[in-house]
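Build the full structure now, drawing on both the sequences and the hints.
Protein chains in written order, with the numbering used here: chain A, 62 to 402; chain B, -2 to 274.
Hints may contain errors.
Simulated restraints on C-beta separations [claimed, not checked]: (1) 217(B) / 107(A): 51 to 59 Å; (2) 61(B) / 122(A): 26 to 34 Å; (3) 294(A) / 12(B): 48 to 56 Å; (4) 94(B) / 107(A): 47 to 55 Å; (5) 172(B) / 89(A): 54 to 62 Å; (6) 391(A) / 117(B): 35 to 43 Å; (7) 135(B) / 89(A): 33 to 41 Å; (8) 17(B) / 146(A): 54 to 62 Å; (9) 22(B) / 209(A): 41 to 49 Å.
Covered stretches of chain A (in silico footprint by chain B; criterion: 3 or more residues with CB under 8 Å from a CB of chain B, positions within the stretch not fixed) [stated by the list, open to error]: (10) 229 to 236; (11) 324 to 330.
Sample of chain A residues lacking proximity to chain B, with all beta carbon distances greater than 12 Å (derived) [what the hints assert, rightly or not]: (12) 65; (13) 71; (14) 72; (15) 95; (16) 118; (17) 161; (18) 169; (19) 177; (20) 247; (21) 253; (22) 305; (23) 397.
If you are wondering where the hints come from, they were derived from the structure by calculation, not from laboratory data.
Positions of the beta carbon are idealized from the N, C-alpha and C atoms, including for glycine.
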Amino acid sequence: MNKFLNIICILLISTLPLKADIVVSNWDGYSAPDIMETFKEATGVNGEMAIHATNEEVMGKVTASGGKGYDVLFVSSPFAEALDKMGLLAEIDHAKIPNMKHFYKEAMNLDFDRGNQFQVPYAWGTTGLCYRSDLVSGTPSSWNDLLEPSDDIKGKVTMLSTDRWLLAAGLLSLGYSVNETDPSKLNEAKEKLILAKKNLLAYDDTVFYTKLVSGEAVMAHAWDGWCNYATWENPDVKFVVPSEGSDLWVDTMVIMKASSNKDEAHAFINYILDPAISTWTVENIMYKVPNVAAMEATSGMFEQFPNLGMSINELLKNETMKDVGSAAKLYAKTVSEILAD
Amino acid sequence: MNTLKRNILLIPGLAWIFIFLILPCILIISLSFFERGIYGGIVYNFNFENYSRVVEFTYLKILLNSSKIAFLSGFFAVLFGYPAAYFIYKAPAKYQIALLFLVILPFWSNYLIRTYAWMVLLNNQGLINTILINLNIIKEPLNILYTEFSVIIGLIYNYLPFVILSIYSSISKLDQNLIEASKDLGGSSIKTFFLVTLPLTLPGVAAGFIFVFVLSIGNFITPDLLGGGKFLMIGNLIYDQFLSARDWPFGASLSFVLIFIMLFLLFLQAIFVRKIS
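As structure tokens, then:
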């Protein structure tokens, strides 16, 4: 009996986390699976990797705990901005992240955080149309090709349903800003997106590339990097940024003010920006990174995946997606209304 | 002394229910009277705004539509489940266990995988469409997946075993003498079924129906996967409030409304069962 109890206790204890120096939360599969082991080998710091599925999920967790429990978070820029406005972020100490020298100068001067005071960019890109060039007649060039598809592709298009990007498609097609907060303009976008819903196969934020590969869908509203997953399996899948323009999204790394190991947190970010690690990111995640050395090292991939080779000017002419402050509530409500219709 | 000892045995169970059921429900209810901050979180400003929002047209429509989907799923699950349960009951005793075992067999694999299997079957490049096209029955693939229809198929499929089991247990408890009496008095098989068997097994039918309804109305995975995110059910709306809109107080008030609907239905079922027996 005693032995049995001992085994039960050991099993229970094994479910408790080991004490780590830093806890990092990232999207699943967004960094190398062994990143914490190689980081430990390089620096001796014990790190633990937690996973979040969406920005909102990790926002919910840190706002509920007052910022405690995590040291470094990977979040998209509007969320980094919101965390900063809530006073939950530590100031970035540039002296502790020497690898920022590999950045394009533009990555140090993004309009939501000039001089990288509260965040460090990890990857960046834009949103557009990912399509089967062999199954779509002509080259799509406008957001309206997605929202008002021609008869032959009706019912074969997918859209992102994450609130900011879903509304961005409607707003951009009407010539408005992706950060629009005017209720009447949001309403216009809503009406248009409700009409567009009739011609959708599905809303899909996660596996639209498999639908493109199987031919179930022929056009998808997609992030550039994710479109590359489909291109990788079928070279007929192409990506285009509509003529009305699109958004510039930046996935960032931030350090929590409540972190008690800020030095180690900085060391982790510095490690991620190491050209070898950043090169791994481009090669495996197929997203653009703001790291000159990594982009040069992977230039051989640009022919197969043209959106990786997009110039900095081309990328940065898109409007940065920013925090919309109190309009966030209106965004959420508008999206519910679109999805419920 | 004996009662005291027995009561002590209850403590772990009661403590579990209190900590993991009662306490969270109290938290949810109290949360629902506050409002969200600009960046999420909770502003402790007592008000009833969330509840007036629940009855706004947009959300009421989601609630009604979820009820419709849950009702249809429950209705068809009973329609398909009753004959199956009756067949199992009529089967030779030695096969009954095996048949019941087959009914619960799907639970051995993961819910998500079974739902994905339906996506593979139903999509426009999928198995069913490919076979129908190859047999020249249809020319263009049918759009079955990502419709309300496919959501209902998924829900019926997933909850059918519960209905079969609950109806089976009701039928197997039926007093055989009553059926024989009906036949002795000249009732045909059909008459006996509709006038004796069916009314007496209604508690099982009601339990099965309520089960499917309650599980369906709060489901969010099936509408998300088989409905392609185009059909928001109340479960999806609640999920979104917590995980994407960061509006916990509104999510809490929606949850409370849902809990209330479920309790009300279970209450009705209890009254119904009591009346019949």
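Results of checking the hints against the structure:
At about 37 Å, the CB distance of residue 217(B) to residue 107(A) disagrees with the hint of 51 to 59 Å. Taken as a hint, the range 26 to 34 Å holds for the pair residue 61(B) and residue 122(A), whose Cβ atoms sit roughly 33 Å apart. For the hinted restraint 48 to 56 Å between residue 294(A) and residue 12(B), the CB-CB distance of approximately 53 Å keeps it satisfied. Roughly 53 Å separates the CB atoms of residue 94(B) and residue 107(A), a value that falls within the hinted 47 to 55 Å.
With their beta carbons about 56 Å apart, residue 172(B) and residue 89(A) fall inside the hinted range of 54 to 62 Å. A C-beta distance of roughly 39 Å is found between residue 391(A) and residue 117(B), which places it inside the suggested range of 35 to 43 Å. One distance hint, 33 to 41 Å for the beta-carbon pair residue 135(B) and residue 89(A), holds here, with the actual separation near 39 Å. Between residue 17(B) and residue 146(A) the beta carbons are some 35 Å apart, a value that contradicts the proposed interval 54 to 62 Å.
For the hinted restraint 41 to 49 Å between residue 22(B) and residue 209(A), the CB-CB distance of approximately 46 Å keeps it satisfied. Coverage of a stretch by a chain is defined here by at least three residues with a beta carbon nearer than 8 Å to that chain's beta carbons; for the segment 229 to 236 of chain A and chain B the count is 0, and the condition is violated. Given a C-beta distance limit of less than 8 Å, the hint that chain B covers the segment 324 to 330 of chain A is violated, as 0 residues qualify and 3 are needed. The claim that residue 65(A) lies off the interface holds: its Cβ sits roughly 18 Å from the closest Cβ of chain B, which is beyond the 12 Å cut-off.
No Cβ of chain B approaches the Cβ of residue 71(A) within 12 Å, the least distance being about 21 Å, so the stated non-interface status holds. For residue 72(A), the condition that its CB be more than 12 Å from all CB atoms of chain B holds, with the nearest at approximately 19 Å. Annotated as non-interface, residue 95(A) keeps its C-beta farther than 12 Å from every C-beta of chain B; the closest such distance is 27 Å. Its closest Cβ contact with chain B, about 5 Å, brings residue 118(A) to no more than 12 Å, contrary to its assignment away from the interface.
Its beta-carbon lying about 27 Å from the closest one in chain B, residue 161(A) satisfies the requirement of being farther than 12 Å from that chain. With a closest Cβ-Cβ approach of about 26 Å to chain B, residue 169(A) is found to remain outside the 12 Å limit, as its non-interface label requires. In this structure residue 177(A) is separated from chain B by more than 12 Å, as the shortest Cβ-Cβ distance comes to about 21 Å. The claim that residue 247(A) is not at the interface with chain B holds, since no C-beta of that chain comes within 12 Å of its own (minimum 14 Å).
Interface exclusion of residue 253(A) from chain B stands, the closest Cβ pair being 16 Å apart, more than 12 Å. The claim that residue 305(A) is not at the interface with chain B holds, since no C-beta of that chain comes within 12 Å of its own (minimum 24 Å). For residue 397(A), the shortest C-beta to C-beta distance to chain B comes to about 6 Å, within the 12 Å cut-off, and the non-interface label is violated.
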